[in-house]
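Visitor: Below, each chain spelled out in residue letters.
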Amino acid sequence: MITDFVQNCIDGIMVGSGYSLLALGFTLVFGVLKRLNLSYGPSIMLGAYVGTWSFLNIADNIWLVLLTTICATVVIGIYVEQLCFRAVSKETTIASMVSSFAIWMQLEEIALHLLPERTYPFPAFFDSGLLEFGPFTARSEYLFMFVVMLLLLLILHAFIYRTRIGLAIRAYSDHPSASAYMGIDGSSVLFLAFIIVSIIGGIAGFLILSADSQITPFFGLWATFKGLIAMMLGGIGSLSGAVLGGLILGVIEANAFWYGDPVIRDISSFMLLFTMLIIRPGGIFGHKIEIHQKIASERV
Amino acid sequence: MLNDYLLTVISNIGMISMIAISAYLILITGEISFGQQAYFGISAYAGSIATTLWGWPFWMALIFGSFLAGVAGGLISALTVRINGIYYSIATLAFAEMVRLSLLKFSYQFEIDGEWIGPNGSEGFGEIRWIFENDISILEYTLLIYLVLFLLIAFIYLIEHSKLGMIFRMLGQDPLLASVQGVKIIRYKVLAASLAGFAAGLGGMLYAHSFTYIEPQIFNVMLGVHSLAYGLIGGLGTVLGPIIGVVLDIGFLESIRGIQGYRMIVFGGLMAVMLIFMPRGILDEKRVHRFKKFWEGKTHV
Chain B
0 MITDFVQNCI
10 DGIMVGSGYS
20 LLALGFTLVF
30 GVLKRLNLSY
40 GPSIMLGAYV
50 GTWSFLNIAD
60 NIWLVLLTTI
70 CATVVIGIYV
80 EQLCFRAVSK
90 ETTIASMVSS
100 FAIWMQLEEI
110 ALHLLPERTY
120 PFPAFFDSGL
130 LEFGPFTARS
140 EYLFMFVVML
150 LLLLILHAFI
160 YRTRIGLAIR
170 AYSDHPSASA
180 YMGIDGSSVL
190 FLAFIIVSII
200 GGIAGFLILS
210 ADSQITPFFG
220 LWATFKGLIA
230 MMLGGIGSLS
240 GAVLGGLILG
250 VIEANAFWYG
260 DPVIRDISSF
270 MLLFTMLIIR
280 PGGIFGHKIE
290 IHQKIASERV
Chain U
0 MLNDYLLTVI
10 SNIGMISMIA
20 ISAYLILITG
30 EISFGQQAYF
40 GISAYAGSIA
50 TTLWGWPFWM
60 ALIFGSFLAG
70 VAGGLISALT
80 VRINGIYYSI
90 ATLAFAEMVR
100 LSLLKFSYQF
110 EIDGEWIGPN
120 GSEGFGEIRW
130 IFENDISILE
140 YTLLIYLVLF
150 LLIAFIYLIE
160 HSKLGMIFRM
170 LGQDPLLASV
180 QGVKIIRYKV
190 LAASLAGFAA
200 GLGGMLYAHS
210 FTYIEPQIFN
220 VMLGVHSLAY
230 GLIGGLGTVL
240 GPIIGVVLDI
250 GFLESIRGIQ
260 GYRMIVFGGL
270 MAVMLIFMPR
280 GILDEKRVHR
290 FKKFWEGKTH
300 V
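From first to last, the protein sequence lines stand for chains B and U.
Each step along the first sequence adds one to the number in numbering that gives the first Met the number 0, with nothing skipped, and position 187 is 186.
Each step along the second sequence adds one to the number in numbering that gives the first Met the number 0, with nothing skipped, and position 18 is 17.
In case anyone wonders, no lab produced these hints; they're calculated from the structure.
Treat the hints with care, since some could be wrong.
Stated by the list, open to error - Under the rule of at most 20 Å between Cα atoms (straight-line distance), these lysine to aspartate or glutamate pairs were calculated in the EDC-like manner:
hint, chain 1, residue 1, chain 2, residue 2
1, U, K285, U, E295
2, U, K183, U, D173
3, B, K33, U, D173
4, B, K33, B, D184
5, U, K104, B, D260
6, U, K292, U, D173
7, U, K104, B, D265
8, U, K285, U, E159
9, U, K285, U, D173
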């Protein structure tokens, strides 16, 4: 009994590290932009499609797939940034969200033109092996993903809190116009943030898909959903919150799947999100949000 | 001239317009809801159960389903009054997905004439035969849809030109100022959400009876985000805005069947470019105001 539960938690943390990776990208872009990029998941998917395409058509080389996936995701990220976030004026946050949704539709269709079948194989990073720790097991590729996720968290944290560029990003995110007076170029901060986020997305997509060893057109929606839920659970704008949110989501899902079925798993993750938003909207690590105070302080 | 195919497209536009109006109502109060498809779905199921399984008359079932959807909308809005912005959007999304996934588990069947009829989880809910049993042609059903749509638009138009509509827009533009003016924000937000749920419910119930088969997958997040996008394309200045959005989307997509497979690439790009120049849609508040001025100037002369 208890062994099952612990095993579920291990599985959950392993799968959840993928959610954490996605949430890291979401939380960065939302923290900087204060606007929601719905097309994040689909752009990762299209990037991974390009990676698979190179795997099928150019060479059976895992590093090539990794490189093409990341590069394609970055290019698509820049496209999304230019079209949906830079060009749309800052006051109209809804418009950029809807236009990122329009681009989502576009990206999905481009992906389907690139590779029209239902599913394609995605190359595994290394041969999957089952690691055993006493009565518990973990798949090596998931363990690898977990380690990469922690590494990325450390690197990002150091980058955001220890470098001058990170300081510029934080300043912009805190107060765009005040940071402009300090000589920070807002549009290059945005551009940089999008590139970083796309690189994280490319790595996340590559690791998740190579653990699954296949890619389907549903990956875009899936990635957007899981990243969003994990980000909201952890608290917007917090890096460690995003990671924790992803891991919690993974553990809850693994247990709900074990004791129930896939539908119960999905219901429980949305129910968790909904309850969290009602009881503690700021997430686990987020600050309390007081709507009126916030608006009032912005006025002053 | 009006063949069945064209009528189906036209009636589709009518039904989807109702959920677009519902998303629009939330949009003018300043929130973004990703979850209007939940109310569409709740009413589709409730209304169809009422006509097929309980044998209720059509109009009663329509009101029943929409009323239930309105109550659900009000309830969710009451639960989420403390949050706004992205938190509200994600909460509505979570609720809508909960509804959709619960419908996958929802089974309620009666044996009618030796056949089991009723919603059965992921297999959906078929045999909603009201229009066949009552010998209603597609043309008649389309007219019925447009009658309901007309009443809905007239109702929303009246609201928008009353104090209530002013309060809704005030909430959207500046909730703090509104509360300083003595507007009970919570009360009006819940009211707007109930109205929005009711409007989506009308569309959902009509949709179920038009297609005679529904399944939970229809009420996924894509429907909700599309209905949101319609308001933004058409414009947030008038209730006709979302309808323009629907006509543009469905009409445009149907008319460019020739480039099947590329239409989302074209349409998605067009939409993104359009939102750069018109971030609040074609008929936004400014243009509506200008049209009104122009019109009044003409009638005076």
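Visitor: Look at each hint and say if it fits the structure.
Guide: Quick rundown of the hints versus the structure:
1. Between the alpha carbons of K285 (chain U) and E295 (chain U) the distance comes to roughly 15 Å, so the proposed pair stays at or under 20 Å and holds.
2. Taking the CA atoms of K183 (chain U) and D173 (chain U), the gap is near 13 Å; set against the 20 Å cutoff, the hint holds.
3. About 19 Å separates the Cα atoms of K33 (chain B) and D173 (chain U), which keeps this hinted pair within 20 Å; it holds.
4. As the CA atoms of K33 (chain B) and D184 (chain B) are separated by approximately 17 Å, the hinted pair is consistent with the 20 Å bound.
5. Distance check on the hinted pair: K104 (chain U) and D260 (chain B) sit about 11 Å apart at the alpha-carbon level, within 20 Å; holds.
6. Distance hint between K292 (chain U) and D173 (chain U) is unfulfilled; the C-alpha atoms sit about 25 Å from each other, more than 20 Å.
7. Distance check on the hinted pair: K104 (chain U) and D265 (chain B) sit about 12 Å apart at the alpha-carbon level, within 20 Å; holds.
8. Annotation: proposed proximity of K285 (chain U) to E159 (chain U) holds, straight-line Cα distance about 16 Å (limit 20 Å).
9. Restraint check for K285 (chain U) and D173 (chain U): the C-alpha separation of about 17 Å stays at or below 20 Å, so the hint holds.
Consistency with the previously given hints fails for number 6 only.
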